[in-house]
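Undergrad: Okay, here's what each chain looks like letter by letter:
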Amino acid sequence: MLVALWPQRWTRQQRSNATLVSALVLMVLALAVLGQLLSVLPEPIGSNAQAFAAGARTTLWLTLISGTLGLLLGTCAALARTSRWRVLRWAASFYIWAIRGTPLLVQILFVYFALPALVPGLNLPDFAAAVVALSLNVGAYNSEAIRAGLLAVPRGQTEAARALGLGHAHVFADVVFPQAFKISLPPLVSNFVALLKDSSLAYAIGVVELTNVGNRIQSATFQPIATLSTVAVTYLLLTTLVTQISNAIEYRFDVEGRSK
Amino acid sequence: MSAPQAFIVADHVCKSFGTHQVLRDVSTHFSTGEVTVIIGASGSGKSTLLRAINRLEPHDSGTITIDGVPVTDDAATLQKQRCEVGMVFQQFNLFGHLSVLDNVTLAPRRVRRTARAQANEQAMLLLRRVGLQDHAHKYPWQLSGGQQQRVAIARALAMQPKVMLFDEPTSALDPEMVQEVLDVMRELARGGMTMIVVTHEMGFAREVADRVLFFDQGRIAHDAPPEAFFGNPANDRIRAFIGRMGA
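The listed protein sequences correspond, in order, to chains A and B. Note that the working numbering has the first sequence beginning at 315, numbered continuously upward. Note that the working numbering has the second sequence beginning at -4, numbered continuously upward.
Derived from the structure by calculation, the hints contain no laboratory data. For every residue, glycine included, the Cβ atom is placed at its ideal position computed from N, Cα and C. Check the hints yourself; a few may be wrong.
Stated by the list, open to error - Selected chain A positions facing chain B (in silico; Cβ < 8 Å): (1) 417; (2) 474; (3) 476; (4) 477; (5) 479; (6) 480; (7) 484; (8) 488; (9) 489; (10) 492; (11) 493; (12) 570.
Could you build the full structure based on these sequences and the hints that come with them?
TA: Following this line, the structure appears as structure tokens:
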């Protein structure tokens, strides 16, 4: 764990910041030098190094954009799910029910092929269609993680905040959400890492991401072991870095020093 | 000195949880500068009355007024009223993700829009008052129960309330920590704060209260100054209760 590398005398925040910055730098660096790194490998990797690097970048972009949108969507859906208004609760339940009950692959195909037929003029390019489908998918799972966090914040916290005269928005933003978010963080990280891997399904609608690149080279060179191993190791590299970043965030929120 | 004024007035207040009636037609008033101690068996409705005053538990019928203004669901009025009425809970309910200092400054900064530096300064004064100035940058989990409750008192005082409500403030504490909290409350009472205290601390009631209310099955069964209440119990039920509490 990167977090454990820093001197003990540093404060929690300093160690968390140091981890965040170094993990981000490592990630940018890894993507930048991935091409050069792979180009020194023997055939068929060496000659296709740039294609692998571009695929990895696409995968990361897909994940970052869908992950951010999915977090917003998940928060909104969790709020709707716990709302006072029945219509909102129903809408959120329906969304979660539909998304969790259908395969992600079907959702991706649906957004790309069926949506333009349903809504004339809505012809999304492959990357955008993948982002929409992945965001909707991870949003549904995130909303349940965040809802679990919201429900886990003790009632006394809300009561104390209200008794102090804080308004609804402040009770939520200053007292409930930060504590709920901390509780939700581990499942949210799982969802994010799952998203990074699930983004490979965008391959089905022709997005040239890491898996797609690997498979194309594999079928052109008939060297499945080398190409698919390269794909797998690149995914591992990305998930490891993502996990380091999320560990740093978790560490910052852990004011009680409970996670070791 | 002006004559004490009725600041909080409860008029025929009723409240039920399902079929269980917790408050039956409760009428009373609490005056400025007065320390009222409410005692009674658990489930007799004393906490519910306290929680109805700042509408954490809305009452079913009757009226409660604070400084002449009825307590209702109207958000703006209610928020203003809650700023004037500080509350201390049995379980402290400190915000676990915030430092002691931030616990105390949160409401002034958000509600009164006090600048952070000024809010911190005021908070440090309050923390000194409750003897916790050296713990300002700790988190609640690093404090003992008694210290946490003193922070909770400072947090409530930060809004400069006109009344302080205490809902069994020492019931969740280890015996050796009860005194430090009672000392702070005694100091507050001496400073002229209007207080309504639900407690089982008979010693505190005898010594600090101006008035003792005895709750029994959702009604105010007796209302007397402490000398009369403890020295000359009005009936056998009260005598038995005082006996059980060891006062």
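Undergrad: With reference to the structure, classify each hint as holding or not holding.
TA: Going down the list of hints, with the structure as the test:
no. : hint : verdict
1   : 417  : violated, 38 Å
2   : 474  : holds, 4 Å
3   : 476  : holds, 7 Å
4   : 477  : holds, 4 Å
5   : 479  : holds, 4 Å
6   : 480  : holds, 6 Å
7   : 484  : holds, 5 Å
8   : 488  : holds, 6 Å
9   : 489  : holds, 6 Å
10  : 492  : holds, 5 Å
11  : 493  : holds, 5 Å
12  : 570  : holds, 5 Å
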